[in-house]
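Participant: Given these sequences and hints, build the entire structure.
Top line first, the protein sequences correspond to chains G and C. Numbering-wise (this note's numbering), the first sequence opens with residue 185 and increments by one. Numbering-wise (this note's numbering), the second sequence opens with residue 185 and increments by one.
Incorrect hints may have been included.
Because identical chains share one entry, a pair is satisfied inside a single copy or across any pair of copies.
[Stated by the list, open to error] Computed list of lysine-lysine pairs in BS3-like fashion (alpha-carbon distance at most 27 Å, straight line):
1. K378 / K435
2. K378 / K470
3. K470 / K231
4. K435 / K231
It should be emphasised that the hints constitute simulated quantities derived from the structure, not laboratory data.
There are 2 protein chains.
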Amino acid sequence: MTVEAIDLHTHIVPAEFPAYAGSRGEARWPSMHTVDCDHANVMIAGKSFRTVGNECWEVGRRIAAMDEAGISRQILSPMPELLSYWMAPDDALAMSRHVNGTIAHMVAEAPGRFIGLGMVPLQDPELAARELESLMRDERFRGVEIGTNITGIAIGDARFEPFFAAAESLDAAIFVHALHPSDEGRLIGSPQLKAVVSFPCEVSYAAASMITGGMAERHPRLKIAFSHGGGAFASVLPRLEHGWHRFPALKNGVPRAPREYARGFFYDTLVYDVAMTRFLIETFGKSQLMLGTDFPFDIREHTPRAAVDALGLEAADVALLYAGNARRFLGGAGLPA
Amino acid sequence: MTVEAIDLHTHIVPAEFPAYAGSRGEARWPSMHTVDCDHANVMIAGKSFRTVGNECWEVGRRIAAMDEAGISRQILSPMPELLSYWMAPDDALAMSRHVNGTIAHMVAEAPGRFIGLGMVPLQDPELAARELESLMRDERFRGVEIGTNITGIAIGDARFEPFFAAAESLDAAIFVHALHPSDEGRLIGSPQLKAVVSFPCEVSYAAASMITGGMAERHPRLKIAFSHGGGAFASVLPRLEHGWHRFPALKNGVPRAPREYARGFFYDTLVYDVAMTRFLIETFGKSQLMLGTDFPFDIREHTPRAAVDALGLEAADVALLYAGNARRFLGGAGLPA
Chain G
185 MTVEAIDLHT
195 HIVPAEFPAY
205 AGSRGEARWP
215 SMHTVDCDHA
225 NVMIAGKSFR
235 TVGNECWEVG
245 RRIAAMDEAG
255 ISRQILSPMP
265 ELLSYWMAPD
275 DALAMSRHVN
285 GTIAHMVAEA
295 PGRFIGLGMV
305 PLQDPELAAR
315 ELESLMRDER
325 FRGVEIGTNI
335 TGIAIGDARF
345 EPFFAAAESL
355 DAAIFVHALH
365 PSDEGRLIGS
375 PQLKAVVSFP
385 CEVSYAAASM
395 ITGGMAERHP
405 RLKIAFSHGG
415 GAFASVLPRL
425 EHGWHRFPAL
435 KNGVPRAPRE
445 YARGFFYDTL
455 VYDVAMTRFL
465 IETFGKSQLM
475 LGTDFPFDIR
485 EHTPRAAVDA
495 LGLEAADVAL
505 LYAGNARRFL
515 GGAGLPA
Chain C
185 MTVEAIDLHT
195 HIVPAEFPAY
205 AGSRGEARWP
215 SMHTVDCDHA
225 NVMIAGKSFR
235 TVGNECWEVG
245 RRIAAMDEAG
255 ISRQILSPMP
265 ELLSYWMAPD
275 DALAMSRHVN
285 GTIAHMVAEA
295 PGRFIGLGMV
305 PLQDPELAAR
315 ELESLMRDER
325 FRGVEIGTNI
335 TGIAIGDARF
345 EPFFAAAESL
355 DAAIFVHALH
365 PSDEGRLIGS
375 PQLKAVVSFP
385 CEVSYAAASM
395 ITGGMAERHP
405 RLKIAFSHGG
415 GAFASVLPRL
425 EHGWHRFPAL
435 KNGVPRAPRE
445 YARGFFYDTL
455 VYDVAMTRFL
465 IETFGKSQLM
475 LGTDFPFDIR
485 EHTPRAAVDA
495 LGLEAADVAL
505 LYAGNARRFL
515 GGAGLPA
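Facilitator: See the structure below:
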């Protein structure tokens with residue numbers, strides 16, 4: 185490949201989970217049940233949550249797929265269902281350390297091809313802040329993935345202040361991924377609609393909450409990115425902007441117009457549509473979008489370079505979306521070329 | 185004004201409500217409490233739901249505002265909180281007839297300036313179908329406004345089949361308006377965020393449900409429009425399209441690609457943003473967008489003609505967005521010029 189391409193949005197699953205060692209009888213502690221040589225079921229609460237392939241944990245399989253798709257480097261983050269916000273904090277901490285250990289090993293196998301985004305038990309924001317500080321001392325990590333909500337509360341809530349304060353001061357990259365949307369009664373059809381129809385709205389709620397709760401104002405140097413192109417957020421932002429001008433209550437703790445904060449956030453390009461990607465560039469700026477694929481899951485973008493190329497941008501801007509913006513988000517100075 | 189402009193998205197509130205005459209002690213039956221000569225509080229369950237101005241029911245006040253904004257004709261629909269799906273069907277029917285009576289009187293006062301979209305008790309789909317049939321015999325009505333969900337169930341659910349079958353066979357125009365979003369824990373900030381941040385997602389769920397539940401496939405001649413530019417739906421549609429290609433289960437009852445159905449729906453232009461409106465045109469087609477303002481509520485678009493003019497379209501396409509598409513949606517043949 186001729187031009188560097190960083191895939192910001194990829195997931196991992198450990199090949200195995202340790203037996204639950206806590207004291208609560210944690211029914212949602214995951215385990216792996218082998219299906220065949222290449223696949224396993226992630227079992228949660230006695231049911232298969234998802235059948236996953238060994239690209240989830242095998243570095244060689246990933247590198248082969250990356251080479252085929254023209255991806256120089258993958259950013260590894262946990263499959264979101266592993267984030268474990270619904271467990272007691274000490275159990276979630278144990279899961280975090282296991283998953284982060286998997287990521288650390290994978291990066292160590294090919295440090296020129298991978299960078300890690302770990303996970304922390306955000307249901308205890310002080311504990312999450314301390315764990316983030318510890319994680320950032322490991323050069324294999326540049327930050328963490330977090331969910332759009334923590335057991336139903338959007339991430340912009342003031343209770344998460346200690347975590348975001350730590351993230352800002354540590355210069356950690358925070359990747360916000362759709363998780364457990366609020367859509368009761370709203371989906372008519374198959375269970376896959378949750379990821380397909382609800383994820384975009386769930387991401388929009390998270391991004392909006394970072395603005396309307398004042399978190400973005402209080403932490404102007406926080407580096408935060410939203411999955412799935414920010415989901416529906418680009419379509420919600422004009423109405424939020426209009427409401428901010430119209431309703432004085434929306435200005436409490438939010439001195440600048442919402443669009444200003446939104447143009448300081450990062451977003452991946454995972455929207456499967458040229459017209460929408462152009463709308464994202466127009467709304468958020470070409471400096472804020474980063475190539476992302478959802479590798480290795482079924483819904484992934486299989487031809488991410490072609491998706492960016494189809495925008496018809498100038499070469500310098502293509503390079504921004506391919507890698508330049510991701511380097512800025514991740515902290516480019518120390519990233520090996 | 186030189187070019188006809190139809191405002192599809194305007195609301196009315198009756199000047200008064202009759203005392204509750206049912207048998208249940210209906211706590212959510214609304215009443216009006218006068219604030220001053222020009223304003224009243226809509227009281228629901230002992231609290232002020234909203235302070236509204238007399239433009240809500242006074243035809244003279246509306247016409248003055250229409251002349252100022254260059255609007256030839258308003259389509260009158262109920263303030264959505266009056267839709268009363270949460271009442272027993274017979275109570276909701278009584279409320280529907282009172283609200284529809286108000287609309288009928290307003291249209292009768294200036295039939296060249298107004299057309300009505302009434303309401304029906306959709307919590308009882310068979311009753312709603314009969315009431316729609318009765319309403320469509322009154323030339324002052326072209327259809328009804330409905331909510332995005334009926335007590336939490338998205339409108340694409342099969343239980344609403346009798347209503348949509350009747351709407352299709354009667355050639356009634358159905359205007360779907362955001363109502364009571366599913367956003368528990370997702371809004372961080374003032375209560376106005378529900379209309380500002382949640383409405384777009386709620387509309388997206390409703391539009392998607394009409395496709396994924398097969399309703400759009402079963403009723404190809406149904407004329408249906410979605411408020412707020414379809415909300416976030418244009419940003420969700422590419423992912424739904426991708427999922428439909430990817431997951432066989434999403435094709436059950438949905439033989440055509442989601443985008444084909446979406447381009448048969450109508451949408452208003454109420455998005456407050458040139459870039460987003462262009463994205464809507466690109467996604468849904470210039471034949472599907474209709475000027476809308478949310479008159480007379482605070483959040484309304486005050487300069488709707490300028491908002492359309494800013495798109496830089498050719499004159500023939502401006503005329504489509506101003507009025508031509510609305511005439512098609514409403515049933516143009518009988519609409520006085």
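Participant: Are the CA atoms of K470 and K231 at most 27 Å apart within a copy, between copies, both, or neither?
Facilitator: neither (42 Å within a copy, 47 Å between copies)
Participant: Is the C-alpha distance from K435 to K231 at most 27 Å within one copy, between copies, in both cases, or in neither?
Facilitator: Classified as between; 25 Å across copies, 46 Å inside a copy.
Participant: For the identical chains here, do K378 and K470 meet the 27 Å Cα criterion within one copy, between copies, both, or neither?
Facilitator: This pair counts as neither: shortest intra-copy Cα distance 29 Å, inter-copy 30 Å.
Participant: Between copies, within a copy, both or neither: which fits K378 and K435 at Cα up to 27 Å?
Facilitator: The answer is between: 15 Å across copies meets 27 Å, while 33 Å in one copy does not.
The structure fails to meet hints 2 and 3 from the earlier list, while all remaining hints are met.
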